[in-house]
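Please take these sequences and the hints and turn them into a complete structure.
Quick note: the sequence shown uses my numbering, first residue 112, plus one each step.
Simulated from the structure, these hints should not be mistaken for laboratory data. None of these values were measured; they are calculated from a predicted model. Misleading hints may appear alongside valid ones.
Using 20 angstroms as the maximum straight-line C-alpha spacing, the simulated SDA-like pairs for lysine to any residue come out as follows [stated by the list, open to error]: (1) K245 <-> L135; (2) K169 <-> Y148; (3) K245 <-> P192.
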Amino acid sequence: MFIWQILACLQALWFDPAVEKLNLVAQFTSSIAFFFYGSSCLRSQRMIFEFERYRLAKYRTITGVLQILGSVGLIAGFFNPWFSLVASLGLSIQMFLGVIVRFRIRDSLIQASPALLFCGLNLFIFWHSLHVLKLI
112 MFIWQILACL
122 QALWFDPAVE
132 KLNLVAQFTS
142 SIAFFFYGSS
152 CLRSQRMIFE
162 FERYRLAKYR
172 TITGVLQILG
182 SVGLIAGFFN
192 PWFSLVASLG
202 LSIQMFLGVI
212 VRFRIRDSLI
222 QASPALLFCG
232 LNLFIFWHSL
242 HVLKLI
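Take a look at the structure:
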């Protein structure tokens, strides 16, 4: 019985206007960040060096394109939550893999923290999209 009460409170909180605003800010922030990061993957000399350091140089272009597409998907998600659902899941997976790569090449937790932060941010957007679409 107690667990059901907790779940009912969480459900009520989930559609709180403050949570809705937080999701809008998260979605906007993530879309802007991934647009610029994806663009830099395609153009920046620094990113060419970084992907060589990660030993993933052949994946730099596809990473940039997927991040720009994810950014566009998050923007489209303002109008149709299915787009934010798919885009945030894809970006979360990319960032999770980014964290693994960072630890694999022995980067510090500080160096991996942007990937951790954006993984969490996009998981929040994904979870919110699931609720909006009433899939959970």
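Tested hints:
no. : hint          : verdict
1   : K245 <-> L135 : holds, 18 angstroms
2   : K169 <-> Y148 : holds, 17 angstroms
3   : K245 <-> P192 : holds, 11 angstroms
Of the numbered hints stated above, none is contradicted by the structure.
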